[in-house]
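Protein chains in written order, with the working numbering: chain A, 1 to 168; chain B, 1 to 438; chain C, 1 to 385.
In short, the hints are calculated from the structure, not lab data.
Think of the CB as a built atom: it goes at the ideal place given N, C-alpha and C, for glycine as much as any other residue.
Heads up, a few of these hints could be off.
[Stated by the list, open to error] So the derived list for chain C, only partly shown, Cβ under 10 Å to chain B, looks like this:
no. : residue
1   : E47
2   : I137
3   : T141
4   : R214
5   : M365
[Said to hold, decoys possible] Restraint ranges, calculated between C-beta atoms of paired labels, are given here:
no. : chain 1 : residue 1 : chain 2 : residue 2 : range
6   : C       : G74       : B       : S331      : 56 to 62 Å
7   : B       : V30       : C       : I197      : 49 to 55 Å
8   : C       : G74       : B       : K83       : 42 to 48 Å
9   : C       : T192      : B       : W199      : 47 to 53 Å
10  : A       : R95       : C       : E209      : 51 to 57 Å
11  : C       : R61       : B       : I388      : 43 to 49 Å
12  : A       : M157      : C       : T192      : 54 to 60 Å
13  : C       : E188      : B       : A376      : 40 to 46 Å
14  : A       : A65       : C       : T71       : 22 to 28 Å
[What the hints assert, rightly or not] Just a few of them, taken from the derived set where beta-carbon distance is under 8 Å, the chain C residues facing chain B:
no. : residue
15  : L23
16  : L25
17  : G138
18  : Y145
19  : K213
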Amino acid sequence: MTPVEIKDRLVQVVGEPVEWQAGPADAAFVVAPEKWYAAALALRDLPELDFAFLRTLCGVDRPAANCIEVVAHLFSYKHKHAFVLKTRVGRQAPRLATVSSVWPAANWHERETYDLFGVSFDGHPDLRRLLLPEDWVGHPLCKDYQEPPSYQGIPMMRPARPAMETKG
Amino acid sequence: MPALANRLSAMFGLAGLQRELLSTGLILLVALLVSLVVLTIGGIMSYVERRVAGRVQSRVGPNRVGPLGLLQWVADGVKLITKEDLVPRDADRPLFLLAPYLVVIGVFAAFASIPFGALLIAADLNVGVVYLLAITSLTAVGILMAGWGSNNKWAMLGGVRSAAQIVAYEVPSTMALLSIVLLAGSLSLQTIIGQQGGWPWQWYIFHNPFSFVAFFLYFTAAIAEGNRTPFDLPEAESELVAGYNTEYSGMRFAGFFLGEFSNVFLMSAIATCLFFGGWQLPGVSVAAQSASIGLQALGLVVYVAKVCCGCFLVIWLRWTLPRLRVDQLTSLCYRYLLPLAFVCLLGNGAYLYLVTAGSTLDLAVHGVVTALAGAAGAFFVWRVFYHIRHTHDRISIDLARGERSVFDAGVQKRGYGALRKAGLAAAVAAAAAAKESP
Amino acid sequence: MVAESRETPNQVRVTADEGREELMLNMGPHHPSTHGVLRFILHTDGEVMRKAVPDVGYLHRGIEKLAERNTYAGFVPFTDRINYLEPIFANHGYVMAVERLLGVQVPPRAEMLRVITSELNRLASHYVTLGSVAMDIGAYTPFVYLLREREHINDLMEALTGQRLTFNYLRIGGVAFDATDEWLKQVEQFVTGFEPIIDEFDSLISGNEIFVKRLVNVAPISAADAVGFGLVGPNLRASGVDWDLRRDQPYSAYPELQFDVPLGKGKLGTLGDCHDRFLVRVLEMRQSCRILKQALRKLPSGDIRAKVTRIKPAAAETYAAVEGARGELGYYVVADGTDKPYRVKVRSGSFASLSIVEHVSPGLMIADLVALIATLDTLAPEMDR
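Generate coordinates for the entire structure from the input sequences, incorporating the hints supplied.
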């Protein structure tokens, strides 16, 4: 099925998308955050869609649009078609329903998104940082991330380099 | 040795306390000698292991320290002696410090009763076999102490596993040795060797089919007791940590290390004594050998050669086979080796009962077993050399430093190495030219 | 959970609800094996595990953040470091995504060169993997044999790219260096010389009784689990799912090449156990040789690089994936019209395969966990980026 056909089928279940990005390269279906879980379930369970494989679930920080996009790339081995499902959450205290019960792979992807963007996933069995240490402050992949000056006493900024001596 | 003490005290007219002191002095001297011999053996075995490992793995092995790397073990010894002796902070200090000594004692003391020649034995005990089995069990205690005393969960796991393994494999090992003791009618090692002969069909391994199986039983069990691959889970490096000797450094680690390699030699020595005729020479009687120094020396050479073959086999197995998981290991012992060991023991006993020693049937059985085993052995050796001839080894053993393998002669022309060599030569030439013309 | 992982592992705890003793072991970040810097917190009863919790992030270098700071072309060497055992694949995924955004057509010679170096890289990566599996099981020798063979590939790639590990060979629009006839002859010589080695390896390891006993029926992963957890590559195929990006979503020069895709069959044990994962990789090596021979014969002449002047793709996004040695290595590239990517997300096979360890671990012994991690072929830098 082409992305447009998949979109039409999905619209029957969750209604019209917030935005349909037909895009020069990949098409994406932007759904409202409240319908995120329902859309995920539909994409996995409808037999003609059968998106059993969650390729990746990640965030994209868009301060210009004042949102964080959560993007899920899906694929179906049976029908050999791909799809991109997106949603937009606010940048202050972003929250979204978890889809780790739909795709077990989402467990770690959501932990990583929480780690790097700060998006909380409601209902996640074990939401804690994945890649960074537990006591790290800040979410690095946000565009306005400021590196802390030090971490546990280790300076994160290098001192200015001393002037190099030149041999005469 | 008591004879020697008597002769010396008679020569110098000593009696009473002085005689006892002389005896004690002699004992200490012999003990020192044996220790030195065992240390050297352990060191050389470590070198042999690394060299054989290198060749098995299609690489060279140590070849820098001394000719052919023969002094590598000396360098290792010096390095280990000069290393810092670390004791973990919360370790159980007495246990931690004592453990290597127990392992070392367990192995070194066993060498006191190993014959190297007709009269070359430190202590010819009349309970030799029992003494050997008992004293080598000290290593289990030492390993357990090392594991527990290190205050490290991984070390503890390794120590516990090792203890379980050694205890488990004691039984088939003992049964197999008992079969031979039955055949010889004595526990003394010199007697057992004396009962055999120099020719292969006079060895106990070819005595009857049951003793043939008993050898393999003993060999497998001995490898397991020595914590060698395929039974080296207690010290498995790829359990992602080292085993019971994780926290040891310097000379204490060397103690475990030497203990393991000397143990390999010990296992081989016991197998040679009990199964392969020990120091016996073909066609030479024990009395004749005891009388002549030359024949004794020859016997020593033959004996050491046999033991070295056994050691080589153990090392070869280490670098070929993967390791068994601990439950597979114990199940192998209790479900397969143990019943087999009992069968061997009963079989040997039945054979002794039914067949008169020295009769034609007896000799016929010896001959048949020798012939079959010899044929199998010859076939095996032929296959080994066949594979060596057809191997795809592209690394030469004579690879000097800087030389690359034979394959990429053409690639090297365009590779970084050749360019760098040329550049270096040019730079050296330019520097030399610059120096000459100030 | 947070408190647990901060507890010092040198404690024997009594859990309140079960009343049994639980030994918490730390399989620390330092390993004498080549999987990278990984840490596992094992909850065992001494030998059998109740749970193995991975603690990752030791190799997190912020590559995705660095992508936002570098230009498109300048980010290509960073992709090498995402997976240093299969850098060609790592380059390829990213470069393919950018080429798709730019609408650049890669010349056929460059595509075939990409395939040749990719398959050489797959061989090199499998050497390390299979050697590590053997080494973790206890047989140290096959690892050294395979590294000996890998040296030849290193030499070949050094002659071509100047690098032995992180090749940095692909460029946006083609490849960096052309291959001479002499080099191609060397590759052919290597491939012909290597095929008997696979037989040697097979006879030494794959059929070895002890090896089989250590791997068969250990941690079987069902097809449903594999797809659900996002396993890809040989792990997925070992569980019975017949999927290979090279055949089913062909890219680059793969449509012209004939090859089989080995599947796990559970011949010696359960479908999807460690032995299947191991065997699939051995069979893949044979197929790589087959592909290499065809590619060397079919290499066309021509340019090795399309003319790409300004790499400033219009605002768009795409996901492009290649079939690496560890499975699908995908790049989600978001462009915003400037000369630097807005977002690059790397999707690696090791991320998924490590996430399944916690699910599969209950009931395994510690030695089995080692076998599981080795056969899943997790590579920490790919996981942590």
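(message) Just to be careful: measuring from the Cβ of I137(C) to every Cβ in chain B, is the smallest value less than 10 Å?
(response) holds, 4 Å
(message) For the hint 54 to 60 Å, verify it against the beta carbon of M157(A) and that of T192(C).
(response) holds, 55 Å
(message) Quick check on L23(C) please, does its C-beta sit within 8 Å of some C-beta on chain B?
(response) holds, 7 Å
(request) Indicate whether the distance between the beta carbons of E188(C) and A376(B) respects the range 40 to 46 Å. (result) The hinted range 40 to 46 Å holds for E188(C) and A376(B), with Cβ atoms some 42 Å apart.
(message) Quick check on a hinted range of 42 to 48 Å for G74(C) and K83(B), using CB atoms only.
(response) holds, 47 Å
(message) Checking hints one by one. Is G138(C) an interface residue toward chain B, by the C-beta closer than 8 Å rule?
(response) holds, 3 Å
(message) Within 49 to 55 Å: is that where the Cβ-Cβ distance between V30(B) and I197(C) falls?
(response) Distance hint for V30(B), I197(C) holds at roughly 53 Å.
(request) Mind checking the hinted window 56 to 62 Å against the Cβ distance between G74(C) and S331(B)? (result) holds, 58 Å
(message) Quick check: does the Cβ-Cβ distance between A65(A) and T71(C) fall within 22 to 28 Å?
(response) holds, 24 Å
(message) Verify the CB-CB distance for R95(A) and E209(C) against the hinted window 51 to 57 Å.
(response) 55 Å Cβ-Cβ, so the 51 to 57 Å window holds.
(request) Hold the hint about R214(C) up to the distance rule: shortest CB distance to chain B must be less than 10 Å. (result) holds, 6 Å
(request) Answer holds if the nearest beta-carbon of chain B is closer than 8 Å to that of Y145(C); otherwise answer violated. (result) holds, 6 Å
In summary, this structure violates none of the numbered hints.
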